[in-house]
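Going down the list, the sequences are from chains A and B.
All residue numbers for the first sequence refer to my numbering, where the first residue is 784 and numbers rise by one.
All residue numbers for the second sequence refer to my numbering, where the first residue is 3 and numbers rise by one.
Quick caveat, the hints were computed from the structure, so don't treat them as lab data.
Check the hints yourself; a few may be wrong.
Here are the simulated lysine-lysine pairs, PhoX-like style, with alpha carbons at most 20 Å apart [what the hints assert, rightly or not]:
1. A/Lys802 <-> A/Lys829
2. B/Lys218 <-> B/Lys247
3. B/Lys247 <-> B/Lys548
4. B/Lys66 <-> A/Lys860
5. B/Lys218 <-> A/Lys829
6. A/Lys860 <-> A/Lys829
What follows is a list of derived Cβ distance ranges for each label pair [claimed, not checked]:
7. B/Arg391 <-> A/Trp879: 28 to 34 Å
8. B/Ala28 <-> A/Arg863: 38 to 44 Å
9. B/Ala453 <-> A/Asn856: 56 to 62 Å
10. A/Trp879 <-> B/Ala453: 55 to 61 Å
11. B/Arg390 <-> A/Trp879: 30 to 36 Å
Beta carbons are placed, not taken as given, at the ideal position from N, Cα and C, and that holds for glycine.
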Amino acid sequence: MPSEPTTLLQGTLDLLILKSLATGERHGLGISRRVQQITRGTFVVKPGSLFPALHRMEEEGWISSFWGESENNRRAKYYRLTSAGRKQFEVKARRWGRISLAIAQALETS
Amino acid sequence: MSLFTRTRSFLRNLFASRRVEAEIEAEVRSHLEMLVDENLRTGMAPEEARRAARIELGGIEQVKEQVRQQRLGQWLHSVISDIRFGARQLRKNPGTTAIMVFTLALAIGATTAIFSVVYGVLLRPLPYAEPDRIMAIFEINSGGTWSRLADPNFNDFRTQSHSFQAVAKYADMTASVSGASQPTRTTVAAVSPEFLRVFRVHPVIGRDFSAEDARKGAAPVILVSHGYWRQFLGSAQDLSEAHLKIDNAVFSVVGVLPAGFQFPPDVGLWLPADLDGENASRTSHNYSAVGRLRDGVTVEEAGRDISAIARRIHDTSSEQSDYLLKDGAVVPLQDSVTGKARPPLLILLGAVGFLLLVACANVANLLLAQASVRERELAVRSALGATRRRLIRQFLTEAFLLSLVGGGFGVLGATMGTGGLLGLAPEDLPRLDSVSINVPVLLFALLLSTAVAAGLGAFTAARATSGDPSRGLGEGGRGQAGSQSSQRVGRLIVAAQIAITLVLLVGAGLLGRSLMKVLEVNPGFRVDEIVTMDVSLPWMSDPKAKTGQAIFFANLIDRLKQLPGARRVGATSGLPMDGGLPDGMFLLMTQDEVPATPEGFAPLLQQKERIGNADFCVATDGFFQALAIPLIRGRLFDERDSADSPHVAVISESLARQRWPGQDPIGHTLEFGNMDGDLRLLTVVGIVGDIHEYGLDAPPRPTVYVSLFQRPRSAITVTILSNADTRLVTSEARRILQELDPEIPARFRTFSHIYSASLGSRRFHLILIGFFGIAALLLATAGVFGVMAYSVSRRTREIGVRVALGAGSREVLGMILGQGLRTVFVGIAIGLAGALALTRAVESLLFGVTATDPLTFAGVVLLLVAAALLACFIPARRATRVDPMVALRCE
């Protein structure tokens with residue numbers, strides 16, 4: 784399995800998942816589609832990256848899960864942010880802001 | 003909070019793994035279904051929708067595996083599942099697994115057993131406080147020989163050196179001790195006052211020696227070992243009534259030393275050395291010396307310190323002779339106790355290490371063969387998402403399982419085998435009582451098993467996971483392509499095995515040939531049907547009392563002649579192969595040349611033509627007769643040689659040849675007073691055959707024998723030649739001695755036991771290295787067989803084609819044998835080079851053969867080729883029976 788994009792996006796992936804959950808609880812496919820949508824298709828999160836990340840974050844206590852019904856009446860596992868996850872999101876978002884600003888500035892300098 | 007969550011997750015993953023698994027399965031499946039739903043909504047056909055969903059998902063199993071890898075505690079979890087899987091894998095091939103476990107158990111067990119001896123004898127610290135600070139101190143004479151210390155030299159070392167907190171001298175002897183519950187022959191050490199301070203040992207009952215105890219006129223006192231106290235003093239807490247009689251002096255027991263303190267070895271009693279009666283000569287080396295280093299002083303500094311004092315003594319002493327010290331040396335006591343045992347033990351450890359390598363090679367080859375069968379399994383696993391690292395870990399786990407089980411059995415075997423090993427060990431191996439399977443030895447076994455596991459696991463993993471998984475699947479698991487290189491590796495391993503085995507066998511062969519050569523040596527005496535009896539009377543200096551002791555011995559010998567079956571009875575001051583005789587310089591002179599004063603001897607000692615060097619042995623005629631030492635010329639001692647008649651000597655053949663070449667020594671006179679203080683001349687009356695006094699592998703020493711009845715001494719060994727039962731002879735002899743004097747204990751041995759003990763270390767080394775060699779040979783033969791059988795089974799199709807194209811069974815046989823022998827010859831060539839380089843290490847253990855003995859080398863090569871041929875022949879014959887039709891069809 785190609786593991787490259789995952790490692791490349793390790794921090795980013797968490798951030799995007801947290802962000803997609805910030806607006807409400809979602810199941811795996813929902814998160815995947817939401818990420819695709821908010822990044823305008825730049826990032827397509829494959830299940831091979833998505834599920835490991837979800838499980839890791841759940842173990843970290845940032846998100847919690849429950850079984851619910853999907854829009855098509857299928858049983859699906861839903862995820863939502865915990866308060867620790869909310870804090871984590873703010874920390875990560877701030878850090879990402881600093882990094883992207885720094886990199887953008889670095890690239891602009893001639 | 004986070005820690006709590008994490009711990010809960012960890013425990014859940016570990017203990018509720020089935021539920022966690024089910025949940026992830028359900029989650030991924032529902033994800034897939036939702037993908038299908040999504041695709042259906044875009045108008046895809048159901049089949050197409052499902053296919054696209056699967057492609058997007060990337061495989062349920064892979065996703066699950068990736069989630070598993072992310073989980074907390076997944077490491078532990080996967081280790082457990084690796085172990086489960088590994089155990090199942092090993093159980094699937096019970097035969098191979100049993101062979102591998104047995105091979106590893108044999109090798110690890112043997113290595114552990116040998117290490118337990120090495121550890122107990124060489125490495126285990128001496129059981130004293132800060133044992134590495136206790137040093138042994140030696141004189142070195144002009145010939146480079148290390149010796150004990152002369153009293154004035156010891157005193158100079160003690161008072162002038164600044165390196166030691168305490169220095170003490172000691173000498174031990176065997177004495178008859180009475181006064182306790184029964185008379186015993188006990189090792190008694192005479193020690194100077196600081197002795198116990200050197201070891202930092204304090205009596206558990208009573209007191210240590212004081213400086214006054216060593217002075218003339220002090221009340222005689224003695225310390226007893228814990229063992230002696232328990233056995234012969236009834237563990238009495240009150241020592242005021244405890245007295246022991248040694249050499250007619252009565253000693254008060256003033257203290258009991260702690261259990262486990264036993265230095266010098268086997269000692270039971272300690273008494274103060276007589277510091278007022280010291281020998282003023284700087285060349286009479288009567289005492290060993292030990293010292294405890296001052297804090298901060300290194301061994302080297304102490305050595306330089308002692309060395310400087312020794313050289314100062316050398317430069318200023320009036321006693322300039324070969325026996326005067328020229329230098330001094332300081333070595334850790336432990337090294338000095340075990341010094342001689344070190345090289346052979348390290349050789350044994352090396353040899354068993356070789357056996358271990360051969361065994362590991364066998365197991366590696368078996369694992370390799372299994373791995374190539376498992377190529378398909380590996381391919382499936384990596385297709386299902388297992389990373390290469392995960393697969394390598396699987397192999398490591400299996401190797402660990404194997405090694406730990408093998409090591410466990412090995413330690414079990416070593417525990418039982420160490421007893422046998424100690425029974426086999428030569429009696430002169432020091433510190434055997436400290437050999438056991440203890441924590442450090444177990445730790446060693448564990449480390450060893452771990453190292454073996456790491457080596458084997460890394461090897462198989464590297465071999466097995468180097469291929470491309472798709473090939474394994476594509477080939478339908480035949481693994482034909484990958485096996486080519488793994489067979490080459492297998493053959494390399496076998497060649498290495500052969501090489502190592504050759505080295506071991508050459509070593510064993512050289513030792514075996516040495517033992518045979520040693521046994522061919524005629525000792526110069528008979529060995530069987532002789533019972534020996536050690537008797538010590540109190541030491542006397544008064545000549546009259548000494549004569550009385552001689553009469554006692556004459557009586558004893560006469561009475562012993564009545565023993566059942568007794569044919570000859572004699573006595574000697576030193577049995578052959580039992581510790582040796584004193585040696586010294588004698589002077590050839592006639593009665594007219596005897597100087598009037600002792601000072602007159604000095605100029606004579608400068609005349610080279612007068613001096614001879616020989617061992618000095620006190621004996622009776624019966625000694626020569628009992629041991630059948632042949633009389634070559636002249637006569638033995640007889641009734642004429644009473645205490646008052648002229649003193650006579652019998653000399654050994656080699657002394658006659660050396661000192662009187664081309665002459666008849668009989669009738670010549672010599673003076674050998676420095677051995678027993680008696681300056682009367684000895685007239686040579688007879689020449690007897692040489693005997694190998696110091697062992698069959700040591701040349702006979704020139705020896706002067708004097709008569710016990712002219713030169714009496716207090717300690718003798720009686721030799722009784724009798725064809726009656728040994729136990730009967732012993733009990734009767736004991737009764738006779740008791741009738742003569744109930745206070746004198748005796749020690750009985752058979753001469754054949756003493757003789758056989760003198761070959762003990764040779765036998766020990768041969769048996770062990772021989773065992774390692776044979777075990778290695780069997781393993782290597784099995785290795786050759788395994789590789790060839792595997793190769794033939796892999797080449798069935800090729801052989802079928804050859805046969806179909808007209809190859810006869812002779813050609814097929816030749817081809818397979820040739821292939822096998824090529825491997826064997828490569829191994830032999832490497833082994834020969836290795837053996838030539840390595841057998842020098844055993845040179846010191848050899849006798850009568852060189853380390854490059856061509857006969858041994860040729861024999862071993864022949865043996866190996868024969869064994870390898872046999873191992874190749876069975877698979878080769880199987881190859882000739884390949885039916886081309888079946889072979890072609892089955893592929």
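Right, here's what the structure says about each hint:
1. Taking the CA atoms of A/Lys802 and A/Lys829, the gap is near 17 Å; set against the 20 Å cutoff, the hint holds.
2. Among the hinted pairs, B/Lys218 with B/Lys247 is consistent with the structure: their alpha-carbon atoms are about 18 Å apart, no more than 20 Å.
3. For the hint pairing B/Lys247 with B/Lys548, the CA-to-CA distance comes to about 19 Å; that is within 20 Å, so the pair holds.
4. At most 20 Å may separate the alpha-carbon atoms for a hinted pair to count; B/Lys66 and A/Lys860 meet this at roughly 15 Å.
5. A C-alpha spacing of about 100 Å is found between B/Lys218 and A/Lys829, which places the hinted pair above 20 Å, so the restraint is violated.
6. Restraint check for A/Lys860 and A/Lys829: the C-alpha separation of about 17 Å stays at or below 20 Å, so the hint holds.
7. Judged by the Cβ atoms, the range 28 to 34 Å given for B/Arg391 and A/Trp879 holds: they are separated by roughly 30 Å.
8. At about 19 Å, the beta-carbon gap between B/Ala28 and A/Arg863 misses the expected band of 38 to 44 Å.
9. For the hinted restraint 56 to 62 Å between B/Ala453 and A/Asn856, the CB-CB distance of approximately 60 Å keeps it satisfied.
10. At about 47 Å, the CB distance of A/Trp879 to B/Ala453 disagrees with the hint of 55 to 61 Å.
11. Restraint check, B/Arg390 to A/Trp879: a C-beta distance of roughly 33 Å satisfies the suggested window 30 to 36 Å.
The earlier numbered hints that this structure contradicts are 5, 8, 10.
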